[in-house]
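Engineer: Quick mapping for you: the protein sequence lines, in order, are chains D and P.
Using the numbering used here, you'd call the opening residue of the first sequence number 1 and step up by one each time.
Using the numbering used here, you'd call the opening residue of the second sequence number 1 and step up by one each time.
Just so you know, these hints were derived from the structure itself, not from any lab.
Virtual Cβ for every residue (Gly too), placed ideally from N, Cα, C.
Incorrect hints may have been included.
[Claimed, not checked] A short list of chain P residues far from chain D (calculated; beta carbon distances all over 12 Å):
| hint | residue |
| --- | --- |
| 1 | A34 |
| 2 | R196 |
| 3 | L309 |
| 4 | P439 |
[To be verified] As a list, the in silico DSBU-like pairs of lysine-lysine whose alpha-carbon atoms are at most 35 Å apart:
| hint | chain 1 | residue 1 | chain 2 | residue 2 |
| --- | --- | --- | --- | --- |
| 5 | P | K17 | D | K182 |
| 6 | D | K148 | D | K244 |
| 7 | P | K262 | D | K182 |
| 8 | D | K148 | P | K262 |
| 9 | D | K148 | D | K182 |
| 10 | D | K182 | D | K244 |
| 11 | P | K262 | D | K244 |
| 12 | P | K262 | P | K17 |
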Amino acid sequence: MSDTWLILGASSAVARAFAREAASHGAALLLAGRDMEDLEHQAADLSIRYGVPARPMRFEARDLASHAGFVAECRQHAASGLLNVFLAFGVMPEQAEADADPAVAAGMVEANFTGAASVLGALGPVLEAQRGGTVVALGSVAGDRGRKRNFLYGATKAALLVYLQGYAARLSGAGVRVLCIKAGPVDTGMTWALPRLPFMASPRQFAAAAWRRAGRGGGSAYLPIIWWPVMTIIRLLPTPIFNKLNI
Amino acid sequence: MPDTLTAQAATRTTAWKQTALQGWGRSSLSPCLAARPERLRELRAALEAPEGRTLIAHGGGRSYGDAALNTDGAVVITGRLDRILGFDPATGELVAEPGVTFADLLEVFLPRGFVAPVSPGTSHVTLGGALANDVHGKNHHHAGSFGEHVLWFDLLLPDGRMQRVSPESDPALFQATVGGIGLTGLVAALCVRLMRVPSNALAVRRRRVRDLDDFLAGFAAAAGATWSVGWIDALAGGASLGRGVLETAEPAESGLEARPAKARRFPIDAPGWLLNGASVRAFNEVYWRRVPASGQQVTVPYRQFLYPLDAIEGWNRMYGRQGFRQFQCVVPPGPGEAALRQLLETVAAGGNASFLAVLKVMGPQGQGMLSFGMPGYSLALDIPARPGSEAIFARLERITRDAGGRIYLAKDSLLSAEGFAAMYPRADEFRAVREQVDPNRRLSSDMARRIGL
Ligand SMILES: Cc1cc2nc3c(=O)[nH]c(=O)nc-3n(C[C@H](O)[C@H](O)[C@H](O)COP(=O)(O)OP(=O)(O)OC[C@H]3O[C@@H](n4cnc5c(N)ncnc54)[C@H](O)[C@@H]3O)c2cc1C
Ligand SMILES: NC(=O)c1ccc[n+]([C@@H]2O[C@H](COP(=O)([O-])OP(=O)(O)OC[C@H]3O[C@@H](n4cnc5c(N)ncnc54)[C@H](OP(=O)(O)O)[C@@H]3O)[C@@H](O)[C@H]2O)c1
Numbered sequence: 001m002s003d004t005w006l007i008l009g010a011s012s013a014v015a016r017a018f019a020r021e022a023a024s025h026g027a028a029l030l031l032a033g034r035d036m037e038d039l040e041h042q043a044a045d046l047s048i049r050y051g052v053p054a055r056p057m058r059f060e061a062r063d064l065a066s067h068a069g070f071v072a073e074c075r076q077h078a079a080s081g082l083l084n085v086f087l088a089f090g091v092m093p094e095q096a097e098a099d100a101d102p103a104v105a106a107g108m109v110e111a112n113f114t115g116a117a118s119v120l121g122a123l124g125p126v127l128e129a130q131r132g133g134t135v136v137a138l139g140s141v142a143g144d145r146g147r148k149r150n151f152l153y154g155a156t157k158a159a160l161l162v163y164l165q166g167y168a169a170r171l172s173g174a175g176v177r178v179l180c181i182k183a184g185p186v187d188t189g190m191t192w193a194l195p196r197l198p199f200m201a202s203p204r205q206f207a208a209a210a211w212r213r214a215g216r217g218g219g220s221a222y223l224p225i226i227w228w229p230v231m232t233i234i235r236l237l238p239t240p241i242f243n244k245l246n247i
Numbered sequence: 001m002p003d004t005l006t007a008q009a010a011t012r013t014t015a016w017k018q019t020a021l022q023g024w025g026r027s028s029l030s031p032c033l034a035a036r037p038e039r040l041r042e043l044r045a046a047l048e049a050p051e052g053r054t055l056i057a058h059g060g061g062r063s064y065g066d067a068a069l070n071t072d073g074a075v076v077i078t079g080r081l082d083r084i085l086g087f088d089p090a091t092g093e094l095v096a097e098p099g100v101t102f103a104d105l106l107e108v109f110l111p112r113g114f115v116a117p118v119s120p121g122t123s124h125v126t127l128g129g130a131l132a133n134d135v136h137g138k139n140h141h142h143a144g145s146f147g148e149h150v151l152w153f154d155l156l157l158p159d160g161r162m163q164r165v166s167p168e169s170d171p172a173l174f175q176a177t178v179g180g181i182g183l184t185g186l187v188a189a190l191c192v193r194l195m196r197v198p199s200n201a202l203a204v205r206r207r208r209v210r211d212l213d214d215f216l217a218g219f220a221a222a223a224g225a226t227w228s229v230g231w232i233d234a235l236a237g238g239a240s241l242g243r244g245v246l247e248t249a250e251p252a253e254s255g256l257e258a259r260p261a262k263a264r265r266f267p268i269d270a271p272g273w274l275l276n277g278a279s280v281r282a283f284n285e286v287y288w289r290r291v292p293a294s295g296q297q298v299t300v301p302y303r304q305f306l307y308p309l310d311a312i313e314g315w316n317r318m319y320g321r322q323g324f325r326q327f328q329c330v331v332p333p334g335p336g337e338a339a340l341r342q343l344l345e346t347v348a349a350g351g352n353a354s355f356l357a358v359l360k361v362m363g364p365q366g367q368g369m370l371s372f373g374m375p376g377y378s379l380a381l382d383i384p385a386r387p388g389s390e391a392i393f394a395r396l397e398r399i400t401r402d403a404g405g406r407i408y409l410a411k412d413s414l415l416s417a418e419g420f421a422a423m424y425p426r427a428d429e430f431r432a433v434r435e436q437v438d439p440n441r442r443l444s445s446d447m448a449r450r451i452g453l
């Protein structure tokens with residue numbers, strides 16, 4: 001009896017690495033996203049490399065009305081074991097772009113938060129009914145404290161974290177584990193064009209660490225671990241000093 | 001789904017950033033705009049380089065010189081396109097994206113009894129890079145080069161069309177792209193036939209070789225071997241000129257217990273003085289004496305025989321900040337034998353601390369218009385980039401050219417345009433194909449400009 005990992009936003013570089021990690025441990029994969037050509041390639045890759053079933057599925061986070069049907073489809077295609085969820089979709093337009101164009105700002109909130117809350121909401125009863133399983137969602141260190149550079153993005157990730165806390169509380173009775181990863185910079189398309197970021201992890205290292213951490217249970221966790229002391233200091237900085245920093 | 005959402009998802013472009021890249025020899029730093037597509041859609045978008053810049057693909061960055069560099073131009077790094085798309089165990093036919101590496105093939109297919117039919121000396125090479133340099137392995141004398149085993153590839157042409165190219169469908173474009181150093185388009189996928197092997201290990205024989213004549217005789221005697229390679233102590237001169245170790249290998253019938261690869265990392269840029277005549281001489285002496293005078297037979301994993309240098313990640317930092325260059329040529333049998341002697345003497349006389357030099361027997365001429373492989377002997381030497389080393393390269397180029405040989409573009413950073421013209425007789429055929437597929441020269445590289453393509 002093999003478990004299934006549903007990967008939401010499966011074309012993300014982090015998600016791709018996580019899917020390989022899960023497949024290397026024998027899990028079946030449901031690859032949900034928008035770039036169907038890429039998802040077909042990934043499904044082929046996972047099934048050839050690891051000999052597991054992998055299936056592309058169309059998923060649009062901002063199309064809230066589609067989520068109930070999507071979840072029904074997931075149930076239909078999941079393997080016989082537990083269904084687990086890795087939520088990776090998200091966008092990070094520049095703060096200035098979001099400031100200038102309310103549609104960009106709203107689009108980010110919809111994708112990163114509203115869409116996540118909606119699809120997790122629809123998945124809740126499935127997880128509850130199976131009495132087990134793991135949900136891993138990608139938050140960000142940016143959600144710890146609003147910084148000049150990207151506080152709207154940070155706000156969506158902070159909202160996601162709070163949502164996940166309550167979601168975890170609700171599902172804990174059913175034995176479902178919910179983990180919010182507060183991710184530091186990962187070397188993906190999202191960060192490629194940004195100025196050099198500190199403690200950058202490769203998607204592969206990050207995914208391996210995420211897999212190990214998910215095996216240890218729910219809650220929230222900084223990855224890579226170095227962000228725990230760094231963010232502890234940043235959170236404790238007195239506001240007047242923090243506001244002067246150009247971070 | 002609302003239309004605006006679909007439109008937004010589909011118009012995703014690829015991000016560019018200003019950066020600086022180096023060849024594996026690290027002898028120069030090349031500023032450029034670089035994109036690193038994560039998937040096919042982004043590769044297509046990357047074809048539209050910003051500011052009308054020219055473009056070149058960059059695979060694993062294992063070419064020593066400037067084949068994958070485009071100073072002040074644009075570079076598309078293809079390593080993230082690493083999906084395996086299809087595999088047929090009945091035929092060994094593999095379909096893969098261009099960023100799949102030889103390390104991936106070893107990890108995924110060796111346990112199933114398949115290896116790459118031709119493999120360069122490091123597993124970090126991508127399949128796209130292997131195609132573009134039509135690379136050869138230690139079995140070139142009978143397996144030919146990489147392109148011989150490629151059934152077709154999908155080429156993203158400079159005008160944005162995607163074309164499936166096979167030797168039958170479009171022989172000219174096929175032959176221009178195999179070995180075409182990335183100048184005909186971006187390879188988006190390729191189909192290559194893997195080779196069946198009975199186990200995960202090789203039976204390797206090593207023997208000490210006294211001098212160059214002994215080497216050539218040894219290679220002749222080993223013509224039936226599946227793999228063969230010679231390691232020469234490039235500092236040994238006089239009567240021991242060309243002394244070294246000859247290795248031959250055959251697939252082992254029974255395997256070894258599989259152990260995961262573990263590479264050590266070369267920690268720092270070594271100081272420039274570290275590699276001097278004395279230290280290299282000492283190393284080479286140890287390397288030679290490691291093999292008992294009576295010879296040696298061992299069973300080793302494929303990785304260890306095919307990719308010995310991969311055991312130390314970042315070994316190229318050993319040559320310090322100034323970096324180094326590699327010289328590799330092939331010279332035909334007959335006149336080539338004297339040329340090998342001259343080449344080795346030139347390097348030894350220059351007191352240039354080349355670590356091991358590698359000698360191989362080469363088989364048939366590759367089918368690519370700019371393929372390196374041709375019958376004869378191939379000699380490869382590392383030379384630290386120091387004042388005066390360029391003059392040595394000029395002499396090595398002269399000797400190679402006079403012997404009717406050619407210099408390998410995958411390793412090169414100094415070959416002259418005249419030298420290139422003399423060594424690559426099908427260059428005009430190549431130019432004609434390029435004129436057809438890329439009349440506006442949207443694809444270009446430092447190498448292309450240097451050698452006058
Ligand atoms: C330690 C070591 C040992 C080696 N041993 C051998 C050997 O035994 N035999 C041998 O033949 N070579 C050998 N090489 C050289 C190496 O195999 C070649 O330089 C190879 O082409 C490198 O491939 P890459 O993926 O690193 O690509 P790069 O070096 O980044 O690029 C090589 C060329 O491929 C082109 N390219 C890359 N991807 C694409 C794509 N998707 N579409 C179109 N063009 C593309 C680039 O434009 C460039 O012209 C060795 C190199 C090293 C460092
Ligand atoms: N990279 C980092 O440094 C970093 C740091 C902290 C947190 N994170 C978080 O980690 C996650 C993955 O990031 P990444 O770096 O892997 O980025 P990425 O490669 O850009 O991936 C983001 C993915 O989200 C998908 N997506 C965006 N909007 C969507 C929507 N409306 N519906 C469905 N899918 C949508 C994208 O799909 P399309 O391909 O269809 O556009 C894309 O595949 C994100 O949530 C990000 O916020 C990343």
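Engineer: Taking 35 Å as the top limit, are the C-alpha atoms of K262 of chain P and K182 of chain D close enough?
Structural biologist: It holds: about 30 Å lies between the C-alpha atoms, which stays within 35 Å.
Engineer: Would the hint linking K262 of chain P and K244 of chain D be met if the CA-CA limit is 35 Å?
Structural biologist: The hint is violated at about 46 Å.
Engineer: Given the proposed pairing of K262 of chain P with K17 of chain P, does the C-alpha separation stay at or below 35 Å?
Structural biologist: 32 Å, holds
Engineer: Taking 12 Å as the cut and beta carbons as the points, is R196 of chain P off the interface with chain D?
Structural biologist: 17 Å, holds
Engineer: Hey, K148 of chain D versus K182 of chain D, does the alpha-carbon distance stay inside 35 Å?
Structural biologist: 19 Å, holds
Engineer: Given the hinted pair K17 of chain P and K182 of chain D, is their Cα-Cα distance within 35 Å?
Structural biologist: 26 Å, holds
Engineer: A cut-off of 12 Å on Cβ-Cβ distance, and L309 of chain P was said to be off the interface with chain D. Does that hold?
Structural biologist: Given that every Cβ of chain D is farther than 12 Å from that of L309 of chain P, nearest at about 22 Å, it holds.
Engineer: What's the verdict on K148 of chain D and K262 of chain P, does the C-alpha distance respect the 35 Å limit or exceed it?
Structural biologist: 43 Å, violated
Engineer: Is the nearest CB of chain D more than 12 Å from the CB of P439 of chain P?
Structural biologist: Correct as stated: the minimum Cβ-Cβ distance to chain D is 29 Å, above 12 Å.
Engineer: Quick one: work out the minimum CB distance from A34 of chain P to chain D and report holds if it exceeds 12 Å, violated otherwise.
Structural biologist: 9 Å, violated
Engineer: Holds or violated: K148 of chain D and K244 of chain D, Cα atoms, limit 35 Å.
Structural biologist: 10 Å, holds
Engineer: Taking only the CA atoms, is the gap from K182 of chain D to K244 of chain D under or equal to 35 Å?
Structural biologist: 24 Å, holds
Violated hints, listed in ascending order, are 1, 8 and 11; each of the other numbered hints is respected by the structure.
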